[in-house]
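Novice: Chain by chain, the residues run as shown.
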Amino acid sequence: MAERLVTLNVNGVTIVRFKDKRIVDAGNIEQMGDEMLQLVNAQHLKQILLNFEGVEFLSSAAFNKLIELNKAVKDVGGVLRITGLRAEILEAFKMLRLNKIFDIRKTEADALKAYGVTN
Amino acid sequence: MTETSWTWTLHKKIPSSLPVAHQYLETFLQALKDAGWDGRDYFHVQMASEEALVNAVTHGNKESPDKQVEIELYISPDLVNMRIKDEGAGFKPESLPDPRSEERVDMVHGRGVWLIKEMMSEVQYLGSGNEVIMIRRRHDPRFDEPDEDGDDDFFTED
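Line by line, the protein sequences give chains P and R.
Mapping of the first sequence onto my numbering: residues 1 to 119, in sequence order.
Mapping of the second sequence onto my numbering: residues 1 to 158, in sequence order.
I should point out that these hints are in silico values taken from the structure, not numbers from a laboratory.
There's no promise every hint is true.
As the list claims (entries may be wrong) - Capping the alpha-carbon separation at 30 Å, the derived lysine-lysine pairs in DSBU-like fashion look like this: (1) K117/R - K12/R; (2) K21/P - K74/P; (3) K62/R - K21/P; (4) K106/P - K12/R; (5) K13/R - K67/R; (6) K21/P - K106/P; (7) K106/P - K46/P; (8) K92/R - K100/P; (9) K117/R - K71/P; (10) K13/R - K46/P; (11) K117/R - K62/R; (12) K113/P - K94/P; (13) K117/R - K94/P; (14) K65/P - K92/R; (15) K21/P - K33/R; (16) K94/P - K65/P; (17) K65/P - K117/R; (18) K106/P - K65/P; (19) K71/P - K62/R; (20) K117/R - K21/P.
To be verified - According to the in silico footprint, chain P covers these stretches of chain R (three or more CB under 8 Å from chain P): (21) 98-111; (22) 125-137.
Quantities reported herein were computed from a predicted structural model and do not represent experimental measurements.
For glycine and all other residues, C-beta sits at the position ideal for the given N, C-alpha and C.
Could you build the full structure based on these sequences and the hints that come with them?
Specialist: Okay, structure coming up:
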């Protein structure tokens, strides 16, 4: 099965980008969730930045996977941050008050700065 | 369906399969784009149709090959009307807890029905709760000011 994520390491921060424009299909979500959890559980990465640029839609099943990942990262003492949310997805995050549990940054540069990385 | 001139309609019984359900959703969403829907209006219909159909297939019919989901979808440039009915036991939507509450905000389920209510102009559950009718008006004034808090309060600050 093709990988659903693209990862890039910038000074110790793993930036994750998504190949799917719409993260809805049950199989895609499971695979995406597994790939994200592997970053923490198998690759032992602790500083993970999810960049959703180019992603047009997330369903509640995708939100659930993100919450799962956030917990996994916290459990190993890491920090998960999110950026690149398009306006409509950001609105859904706001409606659900998910900013209470996620660290959401306006830009990738803002997020990297929060990790202490400056370019 | 009164006087509305629908530009696209679909009425079908489909198997309780997520891949099949998503194929129909793809067709529906393309028709929605073709009818001129975009931005938040489009996104809200996409969210509600996705959540309702996934709920019908997984929670309602529990993906049983013996059960079907009935979908009835109507699109016009200004209005969308969706009816989705499964063969499950139904549920009481008013009994579902608020997913935004302190104790539930980090749970990994329980947001779909709430999102439908928040993103549709009208939602009605029929029967035992196994049938839902969702109506979304394009440019509905209810959705005009989503952002009273402003973005700056939302993003995390150090």
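Novice: Taking the hints in turn, state whether each one holds.
Specialist: Tested hints:
no. : hint           : result
1   : K117/R - K12/R : holds (24 Å)
2   : K21/P - K74/P  : holds (27 Å)
3   : K62/R - K21/P  : holds (27 Å)
4   : K106/P - K12/R : violated (43 Å)
5   : K13/R - K67/R  : holds (10 Å)
6   : K21/P - K106/P : holds (19 Å)
7   : K106/P - K46/P : holds (21 Å)
8   : K92/R - K100/P : holds (28 Å)
9   : K117/R - K71/P : holds (27 Å)
10  : K13/R - K46/P  : violated (46 Å)
11  : K117/R - K62/R : holds (22 Å)
12  : K113/P - K94/P : holds (23 Å)
13  : K117/R - K94/P : holds (15 Å)
14  : K65/P - K92/R  : holds (26 Å)
15  : K21/P - K33/R  : holds (16 Å)
16  : K94/P - K65/P  : holds (17 Å)
17  : K65/P - K117/R : holds (22 Å)
18  : K106/P - K65/P : holds (21 Å)
19  : K71/P - K62/R  : holds (28 Å)
20  : K117/R - K21/P : holds (25 Å)
21  : 98-111         : holds (count 8)
22  : 125-137        : violated (count 0)
This entry does not satisfy hints 4, 10, 22, going by the numbered hints stated previously.
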